[in-house]
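Start from the sequences, fold in the hints, and give me the full structure.
Residue numbers for the sequence shown follow the numbering used here, so the first one is 32 and each next one is one higher.
Careful, some of the hints might be misleading.
Unchecked claim - Quick list of simulated restraints, FRET-style, between CB atoms:
#1 263 to 450: 58 to 68 Å
#2 353 to 455: 38 to 48 Å
#3 437 to 394: 41 to 51 Å
Hints are computed from structural coordinates only; laboratory data are not their basis. Nothing here was measured: the structure is a model prediction, and the numbers come from that model. The C-beta atom is built at its ideal place from N, Cα and C for all residues, glycine as well.
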Amino acid sequence: MRTPLRTRPWLATASAIAGAFTLLPGAALPFVVGAAIDDGIAAGEAATLGFWVAAVLALALLQACAAGLSAWTSHTMWVHGSTSAQHALVTAVTELGADLPRQVPTGDVVAMGSEDVYQTGNALELFGRAAGALVTFCVLGATLITISPLLGTVAMVGVPLAVAGIGPLMRPLVRRKEAQRERASDVNAMGADIVSGLRILRGIGGEGRFRERFVRTSREVLRAGLRVGTVQSWLASAEVALPGLVTVAVTWLGARLALDGTISTGELIAFYGASAFLVVPVKVATEAAEEFASAIVAVRKVDSLVRRRRSHDRPGDPADQLPLPPGPLSVTDERAHLPAGLLSVLPPDRARAERLAGVEPGAVRVGGVGTARVRHGELRRRVVLVLGDDLWFSGQVGTELAAGDRVDVPRAVQAADATDIIDAFPDGYAETVSERGRSVSGGQRQRLLLARALTLDPDVLILDDPTSAVDAHSEARIAHRVARLRAGRTTVVLTGSELWRREAESAPEAAPGEHGNDTGQEVTR
32 MRTPLRTRPW
42 LATASAIAGA
52 FTLLPGAALP
62 FVVGAAIDDG
72 IAAGEAATLG
82 FWVAAVLALA
92 LLQACAAGLS
102 AWTSHTMWVH
112 GSTSAQHALV
122 TAVTELGADL
132 PRQVPTGDVV
142 AMGSEDVYQT
152 GNALELFGRA
162 AGALVTFCVL
172 GATLITISPL
182 LGTVAMVGVP
192 LAVAGIGPLM
202 RPLVRRKEAQ
212 RERASDVNAM
222 GADIVSGLRI
232 LRGIGGEGRF
242 RERFVRTSRE
252 VLRAGLRVGT
262 VQSWLASAEV
272 ALPGLVTVAV
282 TWLGARLALD
292 GTISTGELIA
302 FYGASAFLVV
312 PVKVATEAAE
322 EFASAIVAVR
332 KVDSLVRRRR
342 SHDRPGDPAD
352 QLPLPPGPLS
362 VTDERAHLPA
372 GLLSVLPPDR
382 ARAERLAGVE
392 PGAVRVGGVG
402 TARVRHGELR
412 RRVVLVLGDD
422 LWFSGQVGTE
432 LAAGDRVDVP
442 RAVQAADATD
452 IIDAFPDGYA
462 ETVSERGRSV
472 SGGQRQRLLL
482 ARALTLDPDV
492 LILDDPTSAV
502 DAHSEARIAH
512 RVARLRAGRT
522 TVVLTGSELW
532 RREAESAPEA
542 APGEHGNDTG
552 QEVTR
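Structure below.
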């Protein structure tokens, strides 16, 4: 994942400079006030006092301008950081494809997209302020040592020790944030499972039980969040208390030096103001450390997904990849040879369907070429697999059905026996079907998914039990119409249905035959 620190160094530099000039005027203010007291008020020099008053106004103007620039650069860093993480996440999800749910839990993916990408941006947003706090601390410390080596040394040594005292709290914070992140992934996964299976839960009366499980898991997330909050409260206390002790020490020593005449009244005020101001960069540093701790957890999660590879990646060298021959394609696995251009029926076996389509590794050849050696894009374009749980995206049904342009949508809908579904919609093809097709029945969704695949008219269409949720009359019509529409193309149907096996034995134009083979037998028309 490429961040703005590498891709846009000018932005990171501008953010650091703006962050520094946002804090430096506040750090210089105590010294200006001290000089105004010594050179203006104590000396009775009105012109000098006016000069220092003008300097205060100038510092205020500089700080206002720098704060505006810092806000712009920090927000831009956040945008670039979040979008870079999001782009890396989406790319990884796309490349994994069907392997994603087998390698990464759904809840993890949801949490990465909804939390981790933004947490990465939050850390980068604080980069400029953290860099500015470091610069301000160094400049302020050097100035204090120049005026009074003793007080400057106390401030320069005391504040880093105060920050170091906060450090031991960071490790448990990271651990507790990781635990909270895991619990959040669990509850996200459970929520996704409940939503996807809501109809089934209602049918078996399981809503109450799953509600109790969801509540228990949510409470675990709450408890993990409270444990994180405990450490964060200690951090908030430490970032005020520890630098405060340094301020007390500097003020006490400064007062003793002022009484001895070693430093002036104005310098005492300057030291007090400067030591009190040191709380600001320390607070920024601890805030940045906390955000960076959260970002480490987030980046580790996203990076773990980005580094994953498909279980059967294509060869990296293009010279090792072979094109598929033109025209209809035969499909051959270890158990059968399915001729090109015909409709074949195999026993129901989802794992075998995925191997035949090249989604899962296996000794499968399409058009005489091993699927592992075919370019991924060409394989996906010419060999299409339709599963019962394929995704349906929310949108107008006509738009969602038009996955391809080789077969027009009405013709594909008619072949899938889904015309009655479209006719029943008040808006016809303009009707909006909700995500995952939840607004239609299981049988209707199955027919719409089949129609969507038929618009692609691929050289090889593999259907995994495509009519398991429809009645026998509809199944007979679908089998006959698909066979007729797919004439001359290779179609493989994995099903135990007698109606599909009968269609495989007859000519595509003929009605379903009167006889068929026993369940489990492989049939080719």
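Structure-based check of each hint:
no. : hint                   : verdict
1   : 263 to 450: 58 to 68 Å : holds (60 Å)
2   : 353 to 455: 38 to 48 Å : holds (47 Å)
3   : 437 to 394: 41 to 51 Å : violated (30 Å)
The earlier numbered hint that this structure contradicts is number 3, and it is the only one.
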